[in-house]
Amino acid sequence: MISCAEAVRQLWEYIDDVVDVGERAAIETHLARCRRCCGELEFARELRRTLTDAADEDVPDDVLRRLRHTLEELER
Amino acid sequence: MDPVCSAEPRAARIELFRDVARQQLPRLYRIARRIVGDEAEDAVQDCLLKAYQHVDQLRERSAASAWLVRILVNCCRDRLRGRARSQEDVDLDAMEDFSLYRTIAYEDPFPYSDSLHLDFLAEFSVDDVRQVLLRLPELYRIPVVLVYMQGFLAREVAEMLDTPLGTVLARLHRGRKAFEQQMWRYATEHGLLREGAR
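First to last, the protein sequences are chains A and B.
The opening residue of the first sequence carries number 1015 in this note's numbering; numbering runs sequentially from there.
The opening residue of the second sequence carries number 509 in this note's numbering; numbering runs sequentially from there.
Same shape as in the complex, but just chain B (with noise of 0.2 Å):
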């Protein structure tokens, strides 16, 4: 544990707080592509100022990495709130008995195929998975960029987001489901599912 500015006064924070940011910022960035898409810089302006109006809250260096991360999440989805809600047309019913790779096995979209379900996946340029992930609903991108983007543990998430473990574990589960539904539906509206299609 690294004793910080408990006892330091505000200068001292701002610095750290400053210090701190100028390395996260591009990592910082990309989780706000991948939540926020291109409103990402304005979720890290909002950020930035909401960690300096808030830095007093700052107690450890070793911290200060995930309060910022947990700040960006939170102006994300102030963000989020004011968004009408068609891109997360994802049925949650139908999601939970959906499996990607029996999808594919029986529709078997390129029956000259004998790697079919990488042949699958190999029609999805990295902009087309973005662009999928954009489909979940926040409640499930969160967690899933978080920890399959960018490393962090459920545990960890669940602190984030001030939620428990159990909801951010039963969310990732949740959000694989949704992704895998969203695969599908992406390719056949992008006309992925054709033979030489790219």
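Pulled out of the complex, with its shape left as it was, chain A reads as follows (with noise of 0.2 Å):
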């Protein structure tokens, strides 16, 4: 079985589907196993989600009337 060391380097990889089919097996079977760790999977889980959720944004207005102007202003 791989160390909690081994598995919770990988873990945002498991998260995002891009871990190979050994690599999933062996963090899946470690994860069955260590409690620890499946602490740290739902906490990288959330911390993914606290970067998206921070993604969103309004555009303040003027901001893209200036940016449509300059669009609109090139080679006319």
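I should point out that these hints are in silico values taken from the structure, not numbers from a laboratory.
These figures come from a predicted structure and were not determined experimentally.
Hints are supplied without guarantee of correctness; some may be wrong.
Said to hold, decoys possible - Away from chain B, derived, C-beta distances all over 12 Å, residues of chain A:
(1) G1036
(2) R1038
(3) R1047
(4) P1074
Stated by the list, open to error - Computed footprint of chain A on chain B; a stretch qualifies when at least three of its residues, placed anywhere within it, have a C-beta under 8 Å from a C-beta of chain A:
(5) 550-559
(6) 564-576
(7) 583-590
(8) 625-632
(9) 636-648
(10) 675-685
Think of the CB as a built atom: it goes at the ideal place given N, C-alpha and C, for glycine as much as any other residue.
The two chains are supplied separately, each in an independent frame; assemble them into the complex guided by the hints.
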């Protein structure tokens, strides 16, 4: 079985589904037996969500207006 | 695949560019905000001018969005080159061994909490998270923004940055570690680790 350190190192890759089949199986075997790493996995998911949630932002109207103006002015 | 304008006149390419850019402006601005902060509007202006100057490179409608983001990222990098590196104070050696999960458990900032880790995250406003992100070195911040905030695949980012996939994956890994480390630092520096801080 892989160690906690090895499992934790690959948790985000596991969440993002970019580990290969063998790595996925090794992580899942580890997670089935290690409560602490399951906690790490849940926290990694929340942390990733925190990051994603910070992406959206209203663009100020005046900024959008100036950028559109630049676009319209190109080769007019 | 959509054959667009390889044989079409420049005017058709410019119309395509304008059409795609108009739709993408909010997204371009959001990406720039996460990478260069307050210089976002200037970075998008740079991007529009540069894209216009290189409009002959635009071949297909389906690739136009990624083409614009690629130009934007380069414009952001140009702007970051002129900056002092004080906000990129990340200890790379300590970073690799750092675990935010374990640090929170060990330091136990909210002794009466029964959901310690979630309570830690709940202390951060959306703006706090954005400030933390701006502390990451540019090298790591850009792939983190593109993959985790904008939903690009690592493979697409590799093409966009003209960098091998393995390098992008390694930077994403370090970017996540740097983000965890900076979350903790930010929390301690901004007094978020006191119960009822907000």
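Okay, the hints, checked on the actual structure:
The beta carbon of G1036 (chain A) sits about 17 Å from the closest Cβ of chain B, which is more than 12 Å, so the claim that it is off the interface holds. For R1038 (chain A), the condition that its CB be more than 12 Å from all CB atoms of chain B holds, with the nearest at approximately 16 Å. Every C-beta of chain B lies more than 12 Å from that of R1047 (chain A), the closest at about 18 Å, which supports listing it as non-interface. The beta carbon of P1074 (chain A) is not kept farther than 12 Å from every beta carbon of chain B, the shortest such distance being approximately 9 Å.
Counting residues of the stretch 550-559 of chain B whose C-beta lies closer than 8 Å to any C-beta of chain A gives 4; at least three are required, and the coverage claim holds. Beta-carbon proximity to chain A at under 8 Å applies to 0 residues in the stretch 564-576 of chain B; the threshold of 3 is not reached and the given coverage is violated. With 0 residues having a Cβ less than 8 Å from any Cβ of chain A, the stretch 583-590 of chain B misses the three-residue criterion, and the hint is violated. Check on the stretch 625-632 of chain B: 4 of its residues sit with their Cβ under 8 Å from a Cβ of chain A, so the three-residue criterion for coverage holds.
With 3 residues bearing a CB less than 8 Å from a CB of chain A, the stretch 636-648 of chain B meets the requirement of three and the coverage assertion stands. For the stretch 675-685 of chain B, the proposed coverage by chain A is satisfied: 4 residues have a C-beta within less than 8 Å of a C-beta in that chain, meeting the threshold of three.
In terms of the numbered hints stated before, the structure departs from hints 4, 6, 7, listed from lowest to highest.
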